[in-house]
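In the order they appear, the protein sequences are chains A and B. Residue 13 in our numbering sits at position 13 of the first sequence, and the numbers go up by one each step. In our numbering, each residue's number is its place in the second sequence (first place is 1) plus 1000.
Don't read these hints as lab results, they were simulated from the structure. Treat the hints with care, since some could be wrong.
What the hints assert, rightly or not - Looking from chain B toward chain A, a few residues come up when the C-beta cut is under 8 Å (computed): (1) C1015; (2) G1035; (3) A1046; (4) T1048; (5) V1099; (6) C1118; (7) G1168.
Keep in mind the model is a prediction, meaning the values are calculated, not measured. Using N, Cα and C, we set each Cβ at its ideal position, and we do this for glycine too.
One letter stands for each residue in the lines below.
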Amino acid sequence: MITVMRPGPLTTIQDIGRPGYAHLGVPRSGALDQPALRRANALVGNEFGAAGLETTLLGCALRFEVTAVVAITGAEAVVRVDKQPVSTAAAFEVPAGAVLDIGRAQRGVRSYLAVAGGIDVEPVLGSRSTDTLSGLGPPKLADGMTLPIGAGSSSPPPNISEKSGVPDSGELVLGVRLGPRDDWFEAAGLFAEAYAISPLSNRVGCRLAGSALTRTQAGELPSEGVVLGAVQVPADGQPLIFLADHPTTGGYPVIGVVDDVTPLAQARPGSTVRFRAID
Amino acid sequence: MRLRPVGCSALLIECHDGAEVSAWRAELWRRREAGELRFLDIVPGATTILLDGVEPAAAALLADWPAPPAVSATDGRLVEIRTTFAGEDLADVAARWGVSSLVAAERLAATPLTVAFCGFAPGFAYLSGLPEEWAVPRLAAPRPRVPAGSVGIAGSYVGIYPASSPGGWRLVGKTDQKLFDVREDPPAFLPPGTRVRLVAA
C-alpha cells in the first residue's frame, strides 16, 4: 500500500483509458503521455496497460508501506527516496516505510510512476483512469489517501535504458491532417503562424493563443463525434486541441486532427506550437 | 452519404438527416457484431456518425456498401420515464409554443422520442422526435447547476441530466430515473436507438 504525503496540484491514476463507450458520452481518458506510462510499466515488468500515477508540474510524495519496485518516466524531475536523490534511468526499489518524492518538473510537465503490480484501485468500465471531465474513475490524489498495490508480476524487470520522451524546449511542430470541417475556415491560417500554449490547458484540451482563425461559413454545426487530437475552433477563433479527457461530441467545427498528441502532454504553458500539414 | 477522413484512424459519415444516421448506426453496429469490420467506437451525432479506430481499408469498404435499410419506428427498446412536468422553464416553453403549461406537458408526454445520440456527459441522451416548429433556443446564460434528473429542451432535442452539472437547456420536468450506472451493462439507460416515452408521474 502507498500513502499520499503530498498529492501535488493534480496527480491522478491513469492507464490506457476506457475506449468503446464514446457512443454513451463516456470520454476515453487515460495517460496523456502513453509512451511514458508504457515505458514505466515495462521497466518494472508490468503489462503495458497497468495503472500508474501521472503528476502535473510539481510532482508528488508517497510513503510506501511495503517494499516495492518502481520506475519513473516522463518529465525530468529530481526523484528522492528518503531525501536521497536516485537515478530514474532504471527501475529501483523503495524500501518499506520510505518516502518517494518526485520533484518539480524541470523539463516537461507530467511524470509517470509505475509500481510493480500496478496501482490496484477498483476499475470503472474497465479502466482505473481518473477522467477529469466526467468524474469517472478514482478521485485525484489527496493528502493521506491510500493506494493499493496489485500482486507483483512474475516477469523480472527488463533492462531497458529509459529514453526521455520530453521534447526539447523551443517550438513544437505538430503534424495535422485537415478535416473534417476545414471547409468552414480559411484553413491555410492554421499553418501561417505559431501559437502559444495557454495556461488554461488541462487534460481535456490544450488551449492555444495566437492569430484567430477566420470562418468562411457562418452558422452552427450540429453536434458530432470528436477524436483525440481534434483541433476544435470555438467562436473566438483560438484553436483547442482535444486531449485524453475530451468530450465525445462537440458543436464547434474541427479544422484538423493532430496525428500524435503525446508531445502536448509535456509541453509547458507559454511554449509555442506550429502546425505542419500531413496527408 | 458522404465520407470524410478524420485524422489518420477515423472516418465521419455525413448523413442527410437523423433517420439516415439511425439506419447507418444500426447497420454498422450489426456489421461490427458480425465481425465484418473493427471499430473502437461508433459515435452517432446529429447528422453524422464517427467511426473511431478504423482500419485503413475501411473507407473503400464502406463506400461499396449499399444504403442501409431504414430503421422502423418499432425497432429499438421502448422505455417509459416517469416525469413530473413542473420544470422552471415549463411556462416559458409553453408560452413559446402558444399553449398553456398543461397542454405543453401533454404534448411532451404524447410525443414518441428516440435517442439520436449521446454526449455532453456520460449517459446524457439527445432525444429526437419533437417537431422542428417546437424548437426552443438554449438559455442565454447557462445555469451553474442543474440537478440530476432534470428534463430539458434545447433546439428540438429533449435531454435528461444524468448528474447535476451546469446546463443551458430549458427545464420542463424532473425524473427519478437513474440514467447512468457503471455497474450496469450498458452503463447508460438510454443508448442511441432507444425509444422513450415521457409518462406523467
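Cross-check of the supplied hints:
| no. | hint | result |
| --- | --- | --- |
| 1 | C1015 | violated, 10 Å |
| 2 | G1035 | violated, 16 Å |
| 3 | A1046 | holds, 3 Å |
| 4 | T1048 | holds, 4 Å |
| 5 | V1099 | violated, 27 Å |
| 6 | C1118 | holds, 4 Å |
| 7 | G1168 | violated, 12 Å |
The structure shown violates the earlier hints numbered 1, 2, 5, 7.
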